[in-house]
Amino acid sequence: MALAPFVTSDHYVSVQAYTQAPREVAIGIIRRALGSRAVASLTSPHTVDHYLEQVHPMLTVALVRARVVDVRRETGQASTVVLRANGAWSGFRPGQHVQFGVEVNGTRKIRCFSVSSSGARPGNRFSVSVKAHPDGYVSQFLHHRLRPGTLVHLSQAEGEFVLPSPVPDDLLLLSGGSGITPVMSMLRTLRDTGHRGRVTFLHYARSRADEMFADELEEIAAAMPSARIHRVYTRRPEDAARGGPSGRFTAEHLEQVGVDPARTPSYVCGPAGLIAAVRAAYDELGAGAMLHTEYFKVPSVDPDAADATGTLTFEDSVASAENSGATILEQAEAAGLTPAFGCRMGVCNTCATRKNHGAVRHVISGAVGANTDETIKICVNVPVGDVNVAL
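The sequence shown begins at 1 in full-length UniProt numbering and counts up one residue at a time.
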């Protein structure tokens, strides 16, 4: 039985339908039966998945599992991991990310990575793309040591930084460094759905050697007449096309590539400095409402800030530390605690923790929150004076 999505050049519908052989239909029926309340009552206090995983690690009802199909080098420091998920996977919208859990030296490590593949491809096969950061324990493992066949623990896709539906007639996709990954998912989807509206893709990298998907971007430019692909190399401007933008982002770059911020929905992903520069340009032009952003690296924290005073108390651990000015997550780790975390960028909610009392400052927005008994993301909040958290 063939199931096909409704996709036109103007509308994007997340594609998870696929041709189902009789065996796959039967498996789907079995999964639904195993997920019923009746079965759950029989397996209590454990979940159904607790027993199913003893039979086969990919045989689950609610928990998403995947096998690594391939690991492809994109640059000397970046790789794409191709995955095939089990039937618990609900698919993704272009721009979303997943929590990615893998066993490293006997310990499961969880990080957040953006999906980079097209959302218009059928089936449960998709990819994430990862840059190996010098201090990134998991990203280094994925880039250098991950092998096909490895079992991966996944969350369902998350995030609100997604390709809009319907897709507007004019669209700007802007990225910097490894922030290209969710934006690339959007661009690939537009290509595969035959989008005919104008798409401007503006990417910043240090050099062409550091640029992920360089060859494919050229192929997309040739395959999509309505797409204008611009690459800016901040450390080797001679690598870029002549006559295009050069150096770090400025408002003039938008004019050079023919983008009117007031009329163009704009999706920007990258490091904090790039996003700050883009936001400042849009705000100055009165176009802030057209901007949608996602950080790939949070702003650095000033440990000498005037509000780096007081004591940070970890109530559940019966421990405390003098406020160093770092994020609560970093201070907890420095104190010997091991709180859960994923992205370390305020996106995935893995580190969400109850703040019992005290004030905290959000390192991205700068907003100060002093409510009692509120949940905060400890990876992007720093204490302001005395703070007590449930860690």
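For the record, the hints were derived by calculation from the structure and aren't laboratory data. It cannot be assumed that every hint is accurate.
[Said to hold, decoys possible] What follows is a set of in silico ranges between Cβ atoms, one per label pair, in the way DEER data are often shown:
# : residue 1 : residue 2 : range
1 : S246      : A62       : 45 to 53 Å
2 : E216      : T250      : 37 to 45 Å
3 : L337      : R208      : 37 to 45 Å
4 : P168      : L285      : 13 to 21 Å
Just so you know, these numbers come straight off a predicted model, no measurement behind them. All residues carry an ideal CB built from backbone N, CA and C; glycine is no exception.
### Query
Any hints this thing doesn't respect? Which numbers, in order?
The structure conflicts with hint 2 only, although it agrees with all the remaining ones.
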